[in-house]
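**Q** Top to bottom, those sequences are chains S and L. What the first sequence shows, in numbering that gives the first Met the number 0, is residues 0 to 157, in sequence order. What the second sequence shows, in numbering that gives the first Met the number 0, is residues 0 to 692, in sequence order.
Don't take each hint at face value.
[Said to hold, decoys possible] Okay, the calculated bits of chain L under chain S, using three or more residues with CB under 8 Å as the criterion: (1) 47-60; (2) 163-173; (3) 194-201; (4) 459-469; (5) 601-610.
The hints are simulated quantities; they were obtained by calculation from the structure and are not laboratory data. Remember, predicted model here, so these are calculated numbers, not experimental data. C-beta atoms are modelled at their ideal positions from N, C-alpha and C, and glycine is treated no differently.
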Amino acid sequence: MAAVKFMLNGKAQSVDTAPAMPLLWVLRDTLGMTGTKFGCGMALCGACTVHLNGQPVRACITPISTVAGKTVTTIEGLSPDSSHPVQLAWVEADVPQCGYCQSGQIMTAAALLAKKAQPTDADIDEAMRGNICRCGTYDGIRQAIHRAAAMQRQGGAK
Amino acid sequence: MNRRSFLRTTAAAAGGLFVGFQIPRVEAAATTPIKLNAFVHVGSDDNVTLFIHKAEMGQGTVTSLSMLLAEELECDWKKIRTEFPGVDREFGPNQGVVGSQSIRSSWESLRRAGATAREMLIGAAAQQWGVDRAQCRAENNSVVNTSTNARLSFGSLAEAAAKQTAPANIALKDPANFRLIGKSTKRLDTPSKVNGQASFGIDVRLPNMQYAVIARCPVFGGKVASFDATKAKAVPGVKSVVQVPSGIAVVADNTWSAVEGRRALTVQWNEGPIGSVNTPAITKSFADSMQQPGAVGRKEGDAATALSGAAKKVEAVYEVPYLAHAPMEPLNCVADVRADRCEVWASTQGQSSARAEAARITGLKLESVQVYTKYMGGGFGRRARADYIGEAVEVSKATGVPVKLTWTREDDMQQDWYRPASYSHFTAGLDAEGWPVAWATRIACAPFGGIRDGLSRTGVEGVSDIPYAIPNILVDYHAVDPGIPVSYWRSVGYSQNTFFAESFLDELAAAGGKDPVELRRRLLANSPRLLAALNLAADKAGWGKPLPAGRGRGVALSNNIGSNTVQIAEVSVDRGKVKVHRVVCAVDCGHVVNPWGVEQQIQSGIVFGLSAALKGGITINRGRVEQGNFDRYDVLRIDEMPKVEVHIVPSQAAPGGIGEASTPGIAPAVCNAIFAVTGKRIRKLPLKSAELA
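Work the whole structure out from these sequences, hints included.
**A** Set out below in structure tokens:
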């Protein structure tokens with residue numbers, strides 16, 4: 000097993016695990032970063048969404064070997080103090096219920112806003128339909144994304 | 000070591016050493032808060048810690064129970080932090096969250112606990128000032144001397160207050176003076192749920208902990224005949240393979256290695272008696288039972304005679320499938336079994352039953368077992384069972400190390416305790432004017448929640464207690480048990496029976512030439528609260544007013560968990576595809592603690608019920624569940640979310656429940672709307688596009 004080196008939330012990281020081990024379990028079990036959640040293991044629910052070189056990916060099907068030399072951002076690294084516009088908007092709209100899917104929802108939403116500063120409802124549907132919420136917070140998620148977009152436009156935090 | 004010091008030391012160890020343990024909303028207290036009673040601790044730094052003896056699965060208990068305590072305590076909302084205590088008799092004989100009971104069972108007791116702590120703080124202040132306590136009142140985390148306007152902070156009074164005895168018979172506030180209860184309040188747990196810090200059961204990590212998965216027989220009730228662990232043990236990271244009562248546990252130094260090890264395991268199963276059961280055979284066994292009378296769930300008047308004399312007869316058969324709970328956080332549990340004690344960390348709806356299960360397996364006294372409550376990533380009734388807790392305890396006991404047991408999504412979906420499949424036959428009679436005069440329902444499903452004289456109350460609830468004034472009613476029941484494990488699923492029997500009853504009532508309206516709302520109004524003439532909710536929903540939804548072409552409205556009502564809801568759904572059907580555009584829900588749940596919480600739960604219950612109505616179905620083949628993940632057991636997605644409007648009926652009545660209030664009504668509201676727009680009656684769920692194309 001050769002060590003895999005990558006950037007994790009702005010810091011150099013090296014892990015020595017089986018190359019096929021998914022990033023999700025490296026984060027959760029090897030590194031103890033439990034903000035990224037396990038939901039399905041098959042990229043069907045979005046709970047494990049992280050950013051890989053800025054793109055949203057499902058960590059549960061991303062072998063650690065494919066992460067070598069790349070940049071990973073997890074919910075813990077989205078902002079140092081919950082000040083990312085998406086996080087601020089999530090708090091304002093009081094989105095979560097059980098909260099388990101919300102790390103993945105927030106990471107997917109942040110990636111959407113990085114690509115589209117002013118997403119339409121159709122853009123939100125397309126970007127977010129891969130993220131399941133069993134509590135049904137979808138209305139709050141939609142409102143919060145629009146709110147975060149407005150914050151970004153007004154040059155709010157970050 | 001006495002029990003108190005055991006609790007204190009383990010709690011301190013958990014807070015100090017373990018990564019990922021409960022993160023309070025605000026930074027940890029600088030000093031140990033002083034206990035005023037089981038629910039209220041006050042620190043000399045003026046922070047107030049509220050102990051939430053229930054559990055949080057999204058339903059908002061952390062916030063709403065804090066509101067009850069804080070209302071009487073007169074503390075500063077910004078200075079509170081919350082904690083889940085362990086299991087303790089001072090929190091009642093059965094700690095847990097089932098049946099939407101949290102507010103109902105705490106409404107009086109937690110306000111009283113807040114008032115008692117307040118009176119102790121007042122007593123301490125009065126003593127310090129040397130004045131009569133009547134001269135003091137509490138306000139904003141302080142006690143005020145009303146003659147001098149002097150103030151003492153709660154923090155400065157805490158130590159002396161702990162030595163005070165609270166006066167008996169403290170009068171609780173007049174609701175007119177509530178400053179928190181009844182006001183929409185943001186959730187206390189939100190900040191920790193937007194940055195990955197909220198700690199769920201699956202996030203617990205202990206020193207030297209190992210990770211386990213269990214291979215279980217794919218057929219319910221099957222047992223291990225033999226197994227070969229050679230290849231499993233050769234998988235890198237696998238530490239051990241042990242047999243436990245539910246199967247073979249593979250234990251590794253991470254979850255993924257444990258799953259890989261399980262993949263490499265060879266197990267011969269003795270499948271047991273239901274290895275040939277399948278869904279068509281189950282449906283046939285239900286249908287066959289319909290010929291004979293069953294155990295009576297309700298009998299009023301003489302339905303048979305009234306039916307034979309009716310001007311018009313309406314008959315229909317309804318059926319629904321098994322359903323999985325599929326909470327987003329797959330089941331898991333961390334257990335650490337030692338010779339003299341056992342500790343369990345779990346996202347569970349049943350802390351007391353979890354503790355009892357751990358005690359049973361370890362042979363330890365209850366006092367030597369502690370259960371630490373973690374946030375649940377959804378529960379929906381599944382986490383009321385202690386099976387997964389017991390498994391983790393078994394594996395830790397067998398391996399001698401702390402273990403985190405994780406169920407994969409496939410384990411979760413294929414080894415659930417399902418919402419039972421159910422089958423029902425309805426007959427009703429209308430008089431010459433088209434009004435119902437007789438109603439007879441026969442239901443077949445597996446018994447759950449206990450059976451008495453052949454009757455499963457939960458199997459008939461939602462039909463046996465319909466609130467409609469129909470003079471002749473007969474509801475009977477057959478316990479037909481195909482051997483698939485069944486249990487509580489959000490809203491329990493109402494989840495299927497309200498669909499049956501409210502759809503069939505809609506059939507009666509159509510057969511009698513009545514408007515569905517008009518028919519309900521007439522039959523609810525003597526039920527003022529339901530009638531008020533119906534009228535509010537009809538008004539807000541614009542019932543009877545024109546709709547865009549291709550849209551229809553459907554109405555349905557439910558009265559479960561002590562609350563009434565009326566839903567009106569607006570639906571269109573395009574080439575067989577159902578789109579739910581809008582749902583108006585009027586809810587009367589008695590005195591509301593947190594209106595925002597009510598709104599969240601109504602939305603949540605609707606999404607849960609709509610997922611099941613549109614997509615949900617567990618089918619059985621050769622004694623096995625055919626679905627394993629969200630590809631074949633899909634749920635509602637954001638692009639399918641209707642606009643939900645919640646209207647609360649103002650009420651001073653005792654609080655009802657809310658977590659399960661809106662789940663039953665959404666399926667019949669949608670199906671009745673489909674009838675309105677297409678003329679097709681849906682009698683079987685989930686909706687299949689083929690039926691509507």
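**Q** Hint by hint, note whether the structure agrees.
**A** Taking the hints in turn, this is what the structure says about them:
no.	hint	result
1	47-60	holds (count 5)
2	163-173	violated (count 0)
3	194-201	holds (count 7)
4	459-469	violated (count 0)
5	601-610	holds (count 7)
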